[in-house]
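Trainee: Spelled out from the first residue to the last, the chains are:
2 protein chains.
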Amino acid sequence: MKKYVVLFLATVFFVTVACKNQNSQIGSSENATEQKSDPLPSWNEVKSKQNIIAYVEDVTNSESANFIPVSERIATFDNDGNLWSEQPAYFQLFFAIDRVKEMAVDHPEWKTQEPFKSVLENDMASLAKQGEHGLVKLVMATHSGNTIEEFDANVKEWIKTAKHPTKNVGFDELVYQPMLELLQYLRANDFKTYVVSGGGVDFMRAIVTEIYGIPAEQIIGSRITTAYEYKDGKAVIKRTPGLDFNDDKEGKPLNIQKIIGKKPVFSSGNSDGDLQMMQYAASNSYKSFMLYVHHTDEVREWAYDRESHIGRLDKGLDQAMSDGWTVIDMKNDWKVIYPFELE
Amino acid sequence: MKKYVVLFLATVFFVTVACKNQNSQIGSSENATEQKSDPLPSWNEVKSKQNIIAYVEDVTNSESANFIPVSERIATFDNDGNLWSEQPAYFQLFFAIDRVKEMAVDHPEWKTQEPFKSVLENDMASLAKQGEHGLVKLVMATHSGNTIEEFDANVKEWIKTAKHPTKNVGFDELVYQPMLELLQYLRANDFKTYVVSGGGVDFMRAIVTEIYGIPAEQIIGSRITTAYEYKDGKAVIKRTPGLDFNDDKEGKPLNIQKIIGKKPVFSSGNSDGDLQMMQYAASNSYKSFMLYVHHTDEVREWAYDRESHIGRLDKGLDQAMSDGWTVIDMKNDWKVIYPFELE
Numbered sequence: 001m002k003k004y005v006v007l008f009l010a011t012v013f014f015v016t017v018a019c020k021n022q023n024s025q026i027g028s029s030e031n032a033t034e035q036k037s038d039p040l041p042s043w044n045e046v047k048s049k050q051n052i053i054a055y056v057e058d059v060t061n062s063e064s065a066n067f068i069p070v071s072e073r074i075a076t077f078d079n080d081g082n083l084w085s086e087q088p089a090y091f092q093l094f095f096a097i098d099r100v101k102e103m104a105v106d107h108p109e110w111k112t113q114e115p116f117k118s119v120l121e122n123d124m125a126s127l128a129k130q131g132e133h134g135l136v137k138l139v140m141a142t143h144s145g146n147t148i149e150e151f152d153a154n155v156k157e158w159i160k161t162a163k164h165p166t167k168n169v170g171f172d173e174l175v176y177q178p179m180l181e182l183l184q185y186l187r188a189n190d191f192k193t194y195v196v197s198g199g200g201v202d203f204m205r206a207i208v209t210e211i212y213g214i215p216a217e218q219i220i221g222s223r224i225t226t227a228y229e230y231k232d233g234k235a236v237i238k239r240t241p242g243l244d245f246n247d248d249k250e251g252k253p254l255n256i257q258k259i260i261g262k263k264p265v266f267s268s269g270n271s272d273g274d275l276q277m278m279q280y281a282a283s284n285s286y287k288s289f290m291l292y293v294h295h296t297d298e299v300r301e302w303a304y305d306r307e308s309h310i311g312r313l314d315k316g317l318d319q320a321m322s323d324g325w326t327v328i329d330m331k332n333d334w335k336v337i338y339p340f341e342l343e
Numbered sequence: 001m002k003k004y005v006v007l008f009l010a011t012v013f014f015v016t017v018a019c020k021n022q023n024s025q026i027g028s029s030e031n032a033t034e035q036k037s038d039p040l041p042s043w044n045e046v047k048s049k050q051n052i053i054a055y056v057e058d059v060t061n062s063e064s065a066n067f068i069p070v071s072e073r074i075a076t077f078d079n080d081g082n083l084w085s086e087q088p089a090y091f092q093l094f095f096a097i098d099r100v101k102e103m104a105v106d107h108p109e110w111k112t113q114e115p116f117k118s119v120l121e122n123d124m125a126s127l128a129k130q131g132e133h134g135l136v137k138l139v140m141a142t143h144s145g146n147t148i149e150e151f152d153a154n155v156k157e158w159i160k161t162a163k164h165p166t167k168n169v170g171f172d173e174l175v176y177q178p179m180l181e182l183l184q185y186l187r188a189n190d191f192k193t194y195v196v197s198g199g200g201v202d203f204m205r206a207i208v209t210e211i212y213g214i215p216a217e218q219i220i221g222s223r224i225t226t227a228y229e230y231k232d233g234k235a236v237i238k239r240t241p242g243l244d245f246n247d248d249k250e251g252k253p254l255n256i257q258k259i260i261g262k263k264p265v266f267s268s269g270n271s272d273g274d275l276q277m278m279q280y281a282a283s284n285s286y287k288s289f290m291l292y293v294h295h296t297d298e299v300r301e302w303a304y305d306r307e308s309h310i311g312r313l314d315k316g317l318d319q320a321m322s323d324g325w326t327v328i329d330m331k332n333d334w335k336v337i338y339p340f341e342l343e
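As given, the protein sequences belong to chains A and B, one line each in that order. Sequential numbering of the first sequence, starting at 1, is according to UniProt numbering. Sequential numbering of the second sequence, starting at 1, is according to UniProt numbering.
Incorrect hints may have been included.
No copy labels: a pair is met if it fits in one copy or bridges any two.
Stated by the list, open to error - Derived pair list, reagent style DSS-like, types lysine-lysine, alpha-carbon separation capped at 30 Å:
| # | residue 1 | residue 2 |
| --- | --- | --- |
| 1 | Lys287 | Lys167 |
| 2 | Lys231 | Lys156 |
| 3 | Lys287 | Lys156 |
| 4 | Lys234 | Lys287 |
| 5 | Lys156 | Lys167 |
| 6 | Lys47 | Lys117 |
Simulated from the structure, these hints should not be mistaken for laboratory data.
Bound-form chain A, shown alone:
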């Protein structure tokens, strides 16, 4: 059942505003020459930035002993808490809650049935008490029973207007500007960038493709089960209530092997759920780079690590320290967190 919760709590997001910001920041704009010399302009001149640039320059230099052929330049990025925020709960949860409210018209029985009752009464304390079982019910009710296309349309419609409960901006605006620059920098150096997240794969595909510049086929995530139907000459894939794959912890390297068939050389995450993916990249025979985002900024974002229920970073932090992986100190390393701060 835990797995369902991960799927449920699992998230993803962002969108057009952020995307536009990214483009104007990275693209053609004013000081083009300065940007050419600095691929990561939203980063302070800190160790993490220097490490990244030194690595990329080394492994893309055909004279270097560490040169990596283009076909092997696979970079995998966790999403929640790594490419966009994940507090006070994975953003996918807010989608599920909003969907329940929307779907309630056709489900009068939800007024008295948990966990729907709590959701409809905006009683989050009571919702939390429903535990994993309640969360599974919520996910399955809102994420299945429709076709791939219908679900995609639901998510796209939702993200247009949904607002984060405390930041009061679109969830899709809460992407990390420095990470957008990193994705772009890696691609400019012929790395193939992937999202590998505990979040739902179709939920992510509906939102992040444009913002991150990552196509659907390079987005990997948790999945509910699906079924093929062929009726009246029409082929349809239906989303059914069951967990097909939990893309978290050891699920990440397993899914990377299944889907990509290559070990990443660059891996980035922010929680213990990413640790196995990090270890997998670290075992690459090519020189690899492991990057942890450490949430240290309680003013501009959130500060949490070893004790957090969401995005706990404990064992991962220990291994990063002992193995010399690069850790981003959000508060001190990043000039801005979100694209809208650039305006």
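Start from chain A and add chain B according to the hints.
Mentor: Then chain B, alone, in the frame of chain A:
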């Protein structure tokens, strides 16, 4: 259990000789100008060829109402019987048989245990009598219990010397020259080419990447289960004895949705196992192209369809006829079958 058999019987192959032939055929060689005007030189001037070219020219023409953006140009190809031969049995079966013989040194008990006994005694009639249960045992014994890297090395070592039982050439030489040209033609027109096969994904990745010009991450197939291990600072993925996914029939569109997240616009297969993938492509809102290979050449290749145990084409042929899908008549449509015929 049937699913295991599919996994087991499922195949894949070819290699360097074929690859070199392909390159010399398609690449720089003698009559470059003629080849520029004819992207499919090993095809006779037949309806199937005309249909393919008319389709590609239409959907890549930005002035056409049927224009397809590059990001949506997904082309999926079955492998066994579609990109290389599959008679008298899926080539992966020969790998399993050869592995049993090689591994027998460490398994003296196999001399008296079925299905290994039959294999070691080259008694194929008796092996066939072991049925599905025997086949599953054979697959699991030869395809699991090692790491991803070890299995990859096994397959690569095997393909170097293994010979087809009747054609007496390497299995990797039994790829279809006209289909290599088609793959190349589609890629030259910005289609992303995928293999989507009932064959084992890691078996295929070990062999066909170079021959087909298709990277590991664009090869989709059946999979056995895997497990993540982290010991003494080393991350390893082990192949374990169980079926993880059967990439056949409705499994094909389901896997395409999971992994690619887009509907194909071009789909090619040769059996009823490909029918659902064809239907899925046919349901694309973009103009799509469905292509069946019909095995009609009992001299140069094999002739079989509705009654065959391997690669049965029955319902698929009916739907191709009724829905106007393109069917390749191997005997009459292809000037050569295999690359070595060009020499």
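Trainee: Can you list which hints this structure breaks, lowest number first?
Mentor: 1 and 6
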